[in-house]
Amino acid sequence: MSLNNDHILQSIQKSGKAIHDSRELLKAEVARYTEHLISVMGSQPLGPMADSAFGQLKLVARMHQEMQGLEEQLRGIYQSATHLKSNDVQIIEALPHRRSSEASYERVEDAKVVAPVVRRKPGRKLSAKPVADAAPVQRRGGRVSTNDDKVLAALRRLLKVFKNTALPQAQIAAEAGIPVGSIAASLHRLQDAGRVVQKARGHYRLN
0 MSLNNDHILQ
10 SIQKSGKAIH
20 DSRELLKAEV
30 ARYTEHLISV
40 MGSQPLGPMA
50 DSAFGQLKLV
60 ARMHQEMQGL
70 EEQLRGIYQS
80 ATHLKSNDVQ
90 IIEALPHRRS
100 SEASYERVED
110 AKVVAPVVRR
120 KPGRKLSAKP
130 VADAAPVQRR
140 GGRVSTNDDK
150 VLAALRRLLK
160 VFKNTALPQA
170 QIAAEAGIPV
180 GSIAASLHRL
190 QDAGRVVQKA
200 RGHYRLN
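Heads up: the sequence shown is residues 0 to 206, going by numbering that gives the first Met the number 0.
Some hints could be false.
Ranges between beta-carbon positions, derived for each pair [as the list claims (entries may be wrong)]: (1) Glu28 - Gln72: 17 to 25 Å; (2) Leu8 - Gln43: 31 to 39 Å; (3) Ala27 - Gly54: 13 to 21 Å; (4) Asp148 - Gln78: 48 to 56 Å; (5) Arg200 - Ala27: 51 to 59 Å; (6) Thr164 - Leu58: 15 to 23 Å; (7) Ala173 - Leu24: 39 to 47 Å; (8) Met62 - Ala173: 39 to 47 Å; (9) Lys16 - Leu58: 49 to 57 Å.
Taking lysine-lysine pairs in the PhoX-like style, the calculated list, with each CA pair at most 25 Å apart, reads [claimed, not checked]: (10) Lys16 - Lys26; (11) Lys159 - Lys198; (12) Lys13 - Lys26; (13) Lys162 - Lys149; (14) Lys149 - Lys159; (15) Lys57 - Lys26; (16) Lys162 - Lys198; (17) Lys198 - Lys149.
Hints are computed from structural coordinates only; laboratory data are not their basis. Glycine included, each C-beta is placed from N, C-alpha and C at the ideal position.
Kindly generate the complete structure, drawing on both the sequences and the hints.
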């Protein structure tokens, strides 16, 4: 799900401003009631007006404290909404990169399949030469990229703590420091390379 409605953030901001303004007004009232109590205590310290002024000050002070709590709660709600929206944008931006890297990988594999066969001439031997010197490093039968190495290191750290616990892909991506949209492709390549085995959904074992 995506929190893509900017009106939500604007509404939270307006509510926060209203609560902030109310808190400032109550803060001024607390100061005014405090001065009134000091004045009454100076003239009638044991009279009924002192008790009344003290009770009113306590009530206004409690209202100010509760309003301050509401402001802090709303600030946390706004931060959560902003974080959720930024995560959605990050995932959306990561998806084209993921498709591009997977497509380029498929093109490399296809190029290897259709590579022309060099026919040897009779009586002449050709020295063995790699097809492509700049080809990606192959490890145990699969291609492993820099992101894959980060994911592998992240799994190694996480499995030391969460041995028998399912690991969400978002948690692995956060530990590896890569976009969530790239984690599935990295895990798939690591499994193809034989570096990681998925026993069940979210349960991984390193080889």
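Against the structure, the hints:
Between Glu28 and Gln72 the CB atoms are about 22 Å apart, so this pair conforms to the stated range of 17 to 25 Å. Against the hinted window of 31 to 39 Å, the Cβ-Cβ separation of Leu8 and Gln43 comes to about 52 Å, which falls outside the hint. Between Ala27 and Gly54 the Cβ separation comes to about 19 Å, which falls inside the hinted range of 13 to 21 Å. For the hinted restraint 48 to 56 Å between Asp148 and Gln78, the CB-CB distance of approximately 33 Å leaves it violated.
Judged by the Cβ atoms, the range 51 to 59 Å given for Arg200 and Ala27 holds: they are separated by roughly 58 Å. Judged by the Cβ atoms, the range 15 to 23 Å given for Thr164 and Leu58 is violated: they are separated by roughly 50 Å. The hinted window of 39 to 47 Å between Ala173 and Leu24 holds, with their beta carbons roughly 42 Å apart. At roughly 41 Å, the beta-carbon separation of Met62 and Ala173 lies within the given 39 to 47 Å, and the hint holds.
Restraint check, Lys16 to Leu58: a C-beta distance of roughly 25 Å breaks the suggested window 49 to 57 Å. Restraint check for Lys16 and Lys26: the C-alpha separation of about 15 Å stays at or below 25 Å, so the hint holds. With a C-alpha separation of about 17 Å, the suggested pair Lys159 and Lys198 falls inside the 25 Å cut-off, and the hint holds. In summary, the hint linking Lys13 to Lys26 is supported, as the alpha carbons are separated by about 20 Å, within the 25 Å threshold.
The hinted pair formed by Lys162 and Lys149 meets the criterion: a straight-line CA distance of about 19 Å does not exceed 25 Å. Between Lys149 and Lys159, the direct Cα distance comes to roughly 16 Å. Compliance with the 25 Å bound is thereby established for this hinted pair. Simply put, Lys57 and Lys26 have alpha-carbon atoms about 12 Å apart, close enough for the 25 Å limit, and the pair holds. Distance hint between Lys162 and Lys198 is fulfilled; the C-alpha atoms sit about 12 Å from each other, no more than 25 Å.
At roughly 21 Å between alpha-carbon atoms, Lys198 and Lys149 fall within 25 Å of each other, so this suggested pair holds.
Hints 2, 4, 6, 9 from the list above are not met by this structure, while the remaining hints are.
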